[in-house]
Amino acid sequence: MARYILLADDDKDDRFFFQQAISQIDKEARLTTVNDGEKLMLWFLDNMDNLPDILFLDLNMPRLNGFTCLEQIRQNRKLSHLFVAIYSTSTSPQDIKEAFDKGANIFINKPNSFEDLRNVIRKVLDLDLAEYADHVQPDKFVLG
Amino acid sequence: MQPKILLVDDREDNLMSIEAILSMDGYRFVRATSGRQALKVLLQEWDFALILMDVKMPNLNGFETAALIYEREKLRQIPIIFITAHTYGEDQIFRGYQTGAVDYIYKPINPGLLRAKVSVFIELYKKNATLMQQEQKLIVINKNLENEINERKLSEEKVRALNLELLKTIDHLEATNKELDRFAFMASHDLQEPLRKIRLFSDRLAATYNNVLDESGKMFVGRIQNSAERMQALIRDILTFSKVAAEKKIFTKSDLNAILQDVLLQIEDVAKEKKADIIIEDLPSLYVNPALMQPLFYNLLTNALKYARKDVPPVVRIRAEGKIAANGATTANYCRIFVEDNGIGFEQQYAEQIFSMFTRLHGNSEYEGTGIGLALCKKIVEDHNGFISARSKVNEGSTFIVSLPLDLNQVQAIKPAAAESAV
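If you read the sequences in order, they're chains L and X.
Heads up: the first sequence at position 107 corresponds to 107 in our numbering, and the numbers run straight through without jumps.
Every position in the second sequence, counted from 1, becomes a number in our numbering once 1000 is added.
Since the hints were derived computationally from the structure, they do not count as laboratory data.
Please note that a few of the clues may not be correct.
[Unchecked claim] Cross-link-like lysine-lysine pairs, in silico, DSS-like; alpha carbons within 25 Å at most:
1) X/K1153 / X/K1143
2) X/K1137 / X/K1004
3) X/K1178 / L/K97
4) X/K1249 / L/K97
5) X/K1306 / X/K1253
6) X/K1197 / L/K123
7) X/K1178 / X/K1249
8) L/K97 / L/K123
9) X/K1306 / X/K1393
10) L/K12 / X/K1197
11) X/K1248 / X/K1168
12) X/K1137 / X/K1074
13) X/K1243 / L/K97
14) L/K27 / L/K97
15) X/K1126 / X/K1004
16) X/K1249 / X/K1168
17) L/K97 / X/K1168
18) X/K1153 / X/K1253
All figures in this text were calculated on a predicted structure; none of them were measured in a lab.
Please construct the entire structure, taking both the sequences and the accompanying hints into account.
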């Protein structure tokens, strides 16, 4: 079944590469992008009945950053089970720990090459999301 | 010192007889044959233990002389024994006492009594003198003590002021250091972003327009990619360096064998590709920050693999030498860890330089590198109050020697006594 993917990232280039990568991996996949955290939360308000399979969430965004979004998502009854993949340039252990503690499902470091980007997105799309349904897995948390 | 007695009598024979009586007792005598002469003597000398004075003398009698003597402050301490033939009435005797006289001796003189009385006063005088001497000494000692205390207070204040200044300087330095580290971290972090884009776009360019680009176009794109990659490596290494600098100085006893095993896993691919033989002899457990030992040995091992001779598969050997009192300046015990390779080596003259930031002995086209690895190693080892040094021969191989203190206190000491390398 074709995945429905939501990407929240304020970086225009990264959205562009992401789109390109997705379209090369899975022609069926649907992708929606939003440009910052605030727009993400507004988007959810309008689409509560049409939620994505996976949210790729950038951390460093204007207005509402990724951590705050993550918190709000986990506190929302309807969104609390959404699969959230942090998608950030950060590799800092503090950020990784905070993301884990706040309930993200996986943590992806934005790759340096297009090839790596394709690979890591493919990995995520191939994940058995049910495995992550109720609890995060510390040993498989960081990807790529 | 012989006690001095002043004898005052207008009759020489009296003087002589008194002297004769007292001669065996070891006194020194000064004679005066009148009150006036006695006063004259006392102008020059006042260190008499006792004055023996006849009362009945022409012109100035004994009492009058005594009164004049005692007018002078300095002389008031000298007791006077009056010698008199008269049996005075109570009022006369009282007059004598008033002038300060202490005793009387009646004529004819009883020699035993005279000697006894004189000796009592002399004894008193001697004791007094000793007491006074001691007092003087005490005063001097007191003064010295006071001076010493003052000096000490002054120097204490100076030390305190200096200390305060030092503390301020240290605070300032630490703050500056932290700022620098933060700056390096932020700068390298933010620098990575545009670079990542350059890499991604050139990737896309190369992949998507491969058919359109001619040979030189492809070469240009290749060079862009190459430069971007190199800059990224550089930034990554600077980032590692500033992370190491920010690393807390917490040391736990750690098994170096386990750490080396981890490092081996990290370099597994390269080692296989180069057909390297990496021999790790039994290593000790040392007080180290394990998070810092990883990059240390990672850098030393990757260097050993990188600078292998083209036609000779690398053989790297890691071994430890136990308690060695290294470096004449210190008695502390160090463990020396040797990382030996059979690679291309270098001229020994560069053995110190290679540990400086951005120092490289080879161009990038020969061997890739950022010139940060060994600077990082040095920083890590020095954070453990240890030393790092290198021995090498061109085309034979290099040996890097890491000396780490065995004693936790030595590891934790605020700063290394000497940051020179011990070879």
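### Query
Given the proposed pairing of X/K1249 with X/K1168, does the C-alpha separation stay at or below 25 Å?
holds, 21 Å
### Query
Hey, X/K1248 versus X/K1168, does the alpha-carbon distance stay inside 25 Å?
Since the Cα atoms of X/K1248 and X/K1168 sit roughly 21 Å apart, the hinted pair holds (cutoff 25 Å).
### Message
Against the 25 Å threshold, does the CA-CA distance of X/K1178 and L/K97 hold or violate the hint?
### Response
Roughly 23 Å separates the two Cα atoms, so the pair holds.
### Query
Are X/K1126 and X/K1004 close enough, with their CA atoms no more than 25 Å apart?
Roughly 11 Å separates the two Cα atoms, so the pair holds.
#### Entry: Restraint check for L/K12 with X/K1197, where alpha carbons must lie at most 25 Å apart
holds, 11 Å
### Query
Holds or violated: X/K1137 with X/K1074, Cα cutoff 25 Å?
Since the Cα atoms of X/K1137 and X/K1074 sit roughly 20 Å apart, the hinted pair holds (cutoff 25 Å).
### Query
Taken at face value, is the distance from the CA of X/K1004 to the CA of X/K1137 at most 25 Å?
Answer holds: X/K1137 to X/K1004 is near 23 Å, not above 25 Å.
### Query
Are the Cα positions of X/K1306 and X/K1393 separated by 25 Å at most?
Holds - the C-alpha atoms of X/K1393 and X/K1306 are around 16 Å apart, at most 25 Å.
#### Entry: Pairwise hint evaluation, X/K1143 against X/K1153, where the allowed Cα distance is 25 Å at most
holds, 15 Å
### Query
Quick one, are X/K1243 and L/K97 close enough, alpha carbons at most 25 Å?
Holds, at about 17 Å.
### Task
Given the hint that L/K97 pairs with X/K1168, test it: the Cα-Cα distance must not exceed 25 Å.
Violated. L/K97 to X/K1168 sits at ~36 Å, over the 25 Å cutoff.
### Query
Hey, L/K27 versus L/K97, does the alpha-carbon distance stay inside 25 Å?
Not OK: L/K27 and L/K97 at ~34 Å, beyond 25 Å, violated.
Hint check: violations occur at hints 5, 14, 17, 18; the rest are consistent with the structure.
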